[in-house]
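Novice: Line by line, the protein sequences are chains S and A.
Per this note's numbering, numbering through the first sequence is continuous, rising by one, with the last residue being 363.
Per this note's numbering, numbering through the second sequence is continuous, rising by one, with the last residue being 1319.
Be careful, since some hints might not be right.
What the hints assert, rightly or not - Dumping the calculated DSBU-like pairs for lysine-lysine here, alpha-carbon to alpha-carbon at most 30 Å:
#, chain 1, residue 1, chain 2, residue 2
1, S, K110, S, K56
2, A, K1209, A, K1198
3, A, K1102, A, K1209
4, A, K1209, S, K56
5, S, K295, A, K1102
6, A, K1209, A, K1192
To be verified - What the simulated footprint calls covered on chain A by chain S, stretch by stretch (three residues with Cβ under 8 Å from a Cβ of chain S suffice, anywhere in the stretch; the number is not a length):
#, segment
7, 1015 to 1027
8, 1073 to 1081
9, 1085 to 1091
10, 1128 to 1141
11, 1215 to 1222
12, 1284 to 1291
Just so you know, the hints here were simulated from the structure itself, not pulled from any lab data.
From the three backbone atoms N, C-alpha and C, an ideal C-beta is built for every residue, glycine too.
Listed here are the chains, written in short residue letters.
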Amino acid sequence: MPSGKTSAKPSVMRPVRDIAIVAFGQTDHLRSTDELSEVEMLMPVLHQVLAATGLKTSDIGFTCSGSSDYLAGRAFSFTMALDGVGAWPPISESHVEMDGAWALYEAWTKLLTGEADTALVYSYGKSSPGSVRDVLTRQLDPYYVAPLWPDSVALAALQAQALIDAGDTDEPALAGVASRSRQDASANSHAQLRGSVPQGDYVVRPLRTGDCPPIGDGAAAVILAAGDRARELCERPAWIRGIDHRVEAHSLGVRDLTDSPSSRLAAERAGAFERPVDTAELHAPFTSQEVVLRKALKLGDDVSVNPSGGALAANPMMAAGLIRLGEAAARIHRGESDRALAHATSGPCLQQNLVAVLEGEPS
Amino acid sequence: MASAPSPEVLRAPLVVEFPFTRSLGPVQSAFLTGLRERTVLGVKTTDGRTLVPPVEYDPVTADEIRDLVEVSATGTVTTWAWNHEPRRGQPLDAPFAWVLVKLDGADTALLHALDAPGRDSVRTGMRVRIRWAAERTGAITDIACFEPYEGPTGGEPAPHAGEFSDPVTGIVAAARLDYTYAPGRAQTAYIKALSDRKTVGERCPSCHKVYVPPRGACPTCGVATAERVEVGPRGTVTTYCIVNIKAKNLDIEVPYVYAHIALDGADLALHARIAGIPYDQVRMGLRVEPVWTEGARFPDHYRPTGEPDADYDTYKELV
Ligand SMILES: [Zn+2]
């Protein structure tokens, strides 16, 4: 950064403490996992991140999880999932009824306060027992929208058509996003859809099956650590330089569906625009959403977007956003990235957006 | 990597259904009552825009907004998507277009369905109008759908008091979700053993406690449990309560006793009903055994075995 630069950017919040992602684990994402309960699905990834850092449950300062009972139709399922953590003697624990990316945000703020030096964050989703298109209608405005049962693909299709009308994309370009994502996922052994996947028939036009994410079950976990603790636990920690989340008006008819001002603002607050990133893990379950995010986040063609294959290759609800943070961090751990942007979304048509900027120190 | 054949797991249909009763704020109440009367109301924001459907707080400034106006039942499609396979609960059974419609006089768009003869007849910018439902109750579904419209454009929004006789003050948002419930490996084994009138738990490889019913994990150690252990059939009452209120659809006379029972060999208490003894003679430490009825999938209740009571020290860890 030029040392003579004096133009202050007060909008960027500097963390008061250095906090890093030091370990990441995820399950194989599968269409169905009937033989496993949620805790049985989750436990191996918890053990994986603990083993990677050498930490025991009793060493963890704070635990936070993300999930939704609606997916599998099991009330208070997150309390059952806690069996996999080992919550005796009592631990400091919290849960968000959202994607685990937001659980990570809560854990990050907990570490910022100095009350803990390490945090375990996990999330999981079993979509296979229900119909995720119907289940997701229950998160919509209950007065004006939910009674019409517009499913998640239908709402994404409205956004896709708005982009096509605006000249921002067309169907072949969307097919290109789908193809690139699943080709990239060939190198990701956890992904559900890999390699050459047919673009398929229309689900809700203009979106085809290839434009939509696979429906599946999966779980993910990360460990956060502060300062020197992070350096002890990880050879090349992925430092969280900034993280922010923003939300749009809930009514779709109020928003410009071709843009994502909340993503842009979150990215600005997280410091994403101060220097270029080399990698971006975007939580874009639909091909058309990648078009919106690339524009809103000002990502050029030189940025490696979703080298993991992204949500088009594996979209375990409630975990896919946390996985974007984990995948970006893992690339830094491996020395494949120096500065990465990670994004998570929730709600219809990119309603809520979280952006984090991760960096590795020069080695 | 070759994986072991997955054990046969149990599955059953599970329906989650709820009539969600919600109250309305003043603006929502006026809007939904208006629909019942074939009147579409919007609300003016501080900066002069007209929001349809209306909300009670400005999405930009968060100001409280109450300034209602009436807009037209005609409008323009701002974006659309062709839905060739309508799903349960959606406004139309035949293929239709999802549309966002900016009604004449409004600055924002309303989501609904468009009944159109085919996908080729729909485009962004097309003119549409509301088709009202024959029976209207004060809900968004009072708009049956939109239909193509060739007539003149509606005029400017007109102020409206938003007052109607018999206003709608609440809605019932009925919801039904269908699942296939699969209890997973550990609980499948538990349920299958019950069909042979046996109770099985799983032992933790670390702390050696036996959990009944097994959950596949030790909540203390956070590790997987797999070693299957048969427990019971006899057990000890660790604590209990006397139920005095009759539950709906339950064919059991009150008062009755509901108890935690530590089956012999188990390190976690199950809960079940106690019978075969006057309710006021049930006590901690009482030794009990299961009573099965013909064709049942779990014990109907537990009854005293006649053994001497268990010593408190033998079950105090499980209370
Ligand atoms: Zn144990």
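Novice: Each hint: holds or not?
Specialist: Hints, verified against the model:
Between K110 (chain S) and K56 (chain S) the CA atoms are separated by roughly 19 Å; this keeps the pair inside 30 Å, and the hint holds. For a cut-off of 30 Å, the pair hint linking K1209 (chain A) to K1198 (chain A) stands: about 19 Å separates their Cα positions. About 64 Å separates the Cα atoms of K1102 (chain A) and K1209 (chain A), which puts this hinted pair outside 30 Å; it is violated. For the given pair, K1209 (chain A) sits about 20 Å from K56 (chain S) by alpha-carbon distance, which is consistent with the 30 Å threshold.
The straight-line distance between the Cα atoms of K295 (chain S) and K1102 (chain A) is roughly 26 Å, inside the 30 Å bound, and the hint therefore holds. Of the pairs offered as hints, the one joining K1209 (chain A) and K1192 (chain A) holds, with about 22 Å between alpha carbons and a cut-off of 30 Å not exceeded. Here the segment 1015 to 1027 of chain A counts 4 residues with a CB under 8 Å from a CB of chain S, which clears the bar of 3, and the coverage holds. Coverage of the segment 1073 to 1081 of chain A by chain S holds. Counting CB-CB distances below 8 Å, 4 residues qualify, and the rule asks for three or more.
Given a C-beta distance limit of less than 8 Å, the hint that chain S covers the segment 1085 to 1091 of chain A holds, as 5 residues qualify and 3 suffice. A stretch counts as covered by a chain when three or more of its residues have a beta carbon under 8 Å from one of that chain; for the segment 1128 to 1141 of chain A and chain S the count is 3, and the coverage holds. Counting residues of the segment 1215 to 1222 of chain A whose beta-carbon sits less than 8 Å from any beta-carbon of chain S gives 8, enough to reach three: the coverage restraint holds. With 0 residues having a beta carbon nearer than 8 Å to a beta carbon of chain S, the segment 1284 to 1291 of chain A misses the requirement of three or more and the stated coverage is violated.
Going down the numbered hints, you'll see the structure goes against 3 and 12, while the others check out.
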